[in-house]
Structure formats: C-alpha cells, structure tokens
Amino acid sequence: MSEKKKIKLNKKIISDFLLNNAMFIIIGVVIVYVAIKRPTFLGTASIINIINLTAAKLPIALGVAGCIVLAGTDISAGRVVGLTAVVTASLLTNVSKIWPSLTQALPIPLVLLIVLAIGALIGFVNGFAVAEFSLHPYIVTLSTQLITYGLILIYMGLGTNNGMTLSGMIDPYKALITGTLFKVGSVVVPRYVLYAVIFLAIMWVIWNKTVFGKNMFAVGSNKTAAEVSGVNVKMTIIGVFIMAGIMYAFTGFIDAARVGSATAATGLNYEADAISACVIGGVSFVGGTGKISGVIIGVLLLQVIFTGLNFLSVNPNMLYIIKGLIILVACAIDMRKYLTKK
Amino acid sequence: MSNKENNNINETTVKDEAEASSFKQFRGLYSKVNISVKTLNIIIVVASLAIVICILIGLKDRGYFIEFNTMGGSYIEPQKLMYGDEISVEEPSREGYRFEKWALDEGCKITADLDSLRVDGPFTLYACWIEE
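For the protein sequence lines, the chains are A and B, in the order given. Residue 277 in our numbering sits at position 70 of the first sequence, and the numbers go up by one each step. Residue 144 in our numbering sits at position 132 of the second sequence, and the numbers go up by one each step.
Next comes chain A alone, as it looks inside the complex:
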C-alpha cells in the first residue's frame, strides 16, 4: 500500500474511533477537569454517592431498555415512577392526609404488591395498545404519560392533602430501603444498592437465559421473521411492557424512601435520563440490540458526568440543555455505528 493510502486509512481509523466514542471522550474530559478542580470528587464519599445514585436509577433504565430492544420507547416511565412513589408515601405513613380513615400504615409487603400491580397495569395498557393496534409506542406512552400525571394530581388532592408534599413515612419502611447495607470507612452504602444488584441479576437471566428474552430480541430485530418462526409477537410485546411497568414501580417504591418525600413532580424527566443511559450503553433504537452490561455502563457514566457538574455548581438550568445534547450525540453515534457496521 502506498504511503498516501496508508495515511488515509489510518486517518479513517482514528476519525472512526473518535466519532464512535465521542460520548466517552467528553465524559472522560469532564471527569479529569472536575478531579483537578475539586479533588474530593474522586474521594470515597463521592464515589459511593455515585454508586448509590446509579443504583437508584438502574431499575427504571432496565425497564426502558426492554422497550428500546423492541424498537420502541416508553416516555411514561417517569410518571409511573411518580405515581407509585406517591401511592407508597400515602400508604406507608401513620398520619395519612390522603386516606384520613387510615390510622396506621399498611403492611409494607401489601403496599409493595399494590404499587407493582399499578406499574404492571400501566405497562399492560401500553403493551396492549402497541401490540394489538400496532400504534407507535411513542404515541401510546405519550398518552399514558399525561393520563398518569393527571392521576397523580387527582390522587394528591384526595382527602385533606390538597396537593401537599407527602412525607413522614414509617421507620421500618425507611430502614428497609435506606438502612445501612455496609460501610466503607464512615460512608454508608444503603440497602437499595443490594436491591438494584438483585434486579440486575434477574433481568440478566431474563434477557439471556429465557425463551422470553430471546423472543424479545427476535421481535426487536424483525417482527415478521419472528412471527414466521413461531414467536407470539403480541404476548412478547405485552410482556416486555408489563416487565418495564414493574421495574418503574420498584423505582417509585425505592424513591419515596430515598428522597424522603413524594410530590407531583417526583419522577419528572426520569425517562429522559433512562433512555439516554440505554442509548449511551449500546441499546440501539434500531431494535434487537442491547446488553445489560451496556445499561449499567450508560447509567453509571451519566451519573458520573452529572455528579461532576454538580460538584462544579454548574448553573442547573444549563443541565437540561446538556442532557438534550447528550441524547442527540448518543442517537447520532448509534445511527453511525449501524450504518458503518459491515
């Protein structure tokens, strides 16, 4: 090969590498800058904080990832988290303003079942509409997002609450979620990190070791071919959305204790972060592609960058613009990788 052509090929390899990994390069640069300006960013407390935040956001990302593998999306995720958080907070308090007749908190397992049922029901509605009527997931989940928000506002106005913040949850529930799992020095790792690891393991088994998981990837790759191969496409789609709804419900159940309160704004824009994390981690909108490890990496990297920007006290209004641009870059890279794959 002539020298000129060698140089051209090397340039192409380098430019491909830089473009395909632009997101990771930006995050790496931000991490280095923050570490220099605020050395405590790389301290034990900060790293544990990032792990905790990653664990809190992982279940919703795992739920959304399934919908993306189906070549769809779910923008109702955040509001489902909000609804389940609000229901949890209202039922696990000894002085419920929403249910004044409730003189003490309901049993924790019962409340968990209730919120899981709510999440599964909303997931079923989404999945059924997509599978049965071939409606675009964006349209279906946009409508359920708005409906769910309306339900949150109505629920928060029940009894004598009048839309006020829900707090004052019972100690056993708070201990179950935010109690100490173990300590690293003096820094506490809460119990919900363990729950996130358990969800991770369960989803990995479902995605990789079950017929349902294989069907999910088959439907996402090519619905027609999957149908011809004997896959029940409708049940697979409904199942994936139900599974996603259950994961959102877990996120809401954990969030109510983690934050210590629940409002109508709980869960706002959670789906944007979850979707961005999935795309950064290689779960492609093309469908039929994605790994659990990619979801973890995506969530972790997003938490790292935003915790870093937090450390620098970057104007919080700018963070929305940065998040939007991150989604744009992640989707552009996703499309580029698909087009240039042999």
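Hints may be right or wrong, so weigh each one.
Stretch-level coverage of chain B by chain A, calculated; a stretch enters the list once three of its residues show a Cβ under 8 Å from a Cβ in chain A [stated by the list, open to error]: (1) 57-67; (2) 110-121.
In silico DSBU-like pairs for lysine-lysine, Cα to Cα no more than 30 Å straight-line [to be verified]: (3) B:Lys44 to A:Lys441; (4) A:Lys498 to B:Lys50; (5) A:Lys416 to A:Lys498; (6) A:Lys390 to B:Lys121; (7) A:Lys530 to A:Lys548; (8) B:Lys44 to A:Lys421; (9) B:Lys44 to A:Lys498; (10) B:Lys44 to A:Lys544; (11) A:Lys430 to A:Lys548; (12) A:Lys430 to B:Lys44; (13) A:Lys218 to B:Lys121.
Note that these hints are calculated values from the structure, not bench results. Every residue gets a Cβ at the ideal spot worked out from N, C-alpha and C, and that includes glycine.
Using the hints provided, position chain B relative to the given structure of chain A.
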C-alpha cells in the same frame, strides 16, 4: 499477493463500505430516517462542541439558589451558594408566632438541620412556626 493487488483490494474495501453504508436502510425507530454518515459525523462534532460550550457557560454562572419561604413571616433574600457550602441565615419573624425551625417541606415534617445540611443543588427552606 503483490502490493498493487493489496492496494486495489483496500481501495475497493473503503469504497464498498462507503457505498454500502449509503444504501443501508435503518430499521426500528429510525426506519423513516434518511441521513448519511457524513451528516452524522457533522452532527456528532457540532453537538459535542455544543456540550463543551454549554458546560463552560454554565461554569461562568455557577451556583445554586437557596430560597427561604418564611410562610407568612419576614422576607429573606435567596442566597447563591456553591456545592458543599454551609447555609447561614437569620431567623425570620412573624407577628403572633415564634420561630421553631427550618424544614425541607411545607408540612414541616422533614427538619433541616443547618449545622449538618450542605448545598447539593437548588432547594427551598420552609419556616416552621409555633403560635404564641
């Protein structure tokens, strides 16, 4: 294989890749998208630069606003503080009431202990009162 044949194969490979990618159809959520690799390259570069510029602009206007809702008491100016800063604020006054504490919610259920509370984002502190 001779060098000339190698060169021809490499050229063909690069050309084939370019042609193949221009004809490759998207599927899934991108199925209606009609865009070239070159355009995507431009979008990635421009959007990445935009992210960096936004971070730099955000750094120029750093800080989080801590607001004080005195719930009918005297007005307290919001404070602009940095991540990790302590909060120092005078007690508000309200006729017929005695100031009890600051809280993170309007219902005064989540007490804000100013000795241990550190700024980690924008938020509002609510004054809690006891009727005299």
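Status of each hint after checking the structure:
Three residues within the 8 Å Cβ limit are the bar, and the segment 57-67 of chain B against chain A gives 8, so the coverage statement holds. Residues of the segment 110-121 of chain B lying with their CB closer than 8 Å to a CB of chain A number 5, which satisfies the three-residue condition for coverage. Proximity of Lys44 (chain B) to Lys441 (chain A) is assessed by CA-CA distance (about 23 Å); at most 30 Å being required, the pair is judged to hold. For a cut-off of 30 Å, the pair hint linking Lys498 (chain A) to Lys50 (chain B) stands: about 28 Å separates their Cα positions.
Annotation: proposed proximity of Lys416 (chain A) to Lys498 (chain A) holds, straight-line Cα distance about 13 Å (limit 30 Å). For a cut-off of 30 Å, the pair hint linking Lys390 (chain A) to Lys121 (chain B) stands: about 28 Å separates their Cα positions. Distance check on the hinted pair: Lys530 (chain A) and Lys548 (chain A) sit about 27 Å apart at the alpha-carbon level, within 30 Å; holds. Of the pairs offered as hints, the one joining Lys44 (chain B) and Lys421 (chain A) holds, with about 26 Å between alpha carbons and a cut-off of 30 Å not exceeded.
Distance hint between Lys44 (chain B) and Lys498 (chain A) is fulfilled; the C-alpha atoms sit about 25 Å from each other, no more than 30 Å. Of the pairs offered as hints, the one joining Lys44 (chain B) and Lys544 (chain A) holds, with about 17 Å between alpha carbons and a cut-off of 30 Å not exceeded. For the given pair, Lys430 (chain A) sits about 21 Å from Lys548 (chain A) by alpha-carbon distance, which is consistent with the 30 Å threshold. Pair hint Lys430 (chain A) plus Lys44 (chain B) holds up; C-alpha atoms about 17 Å apart against a cutoff of 30 Å.
The suggested pairing of Lys218 (chain A) with Lys121 (chain B) is violated, with an alpha-carbon distance near 61 Å, which exceeds 30 Å.
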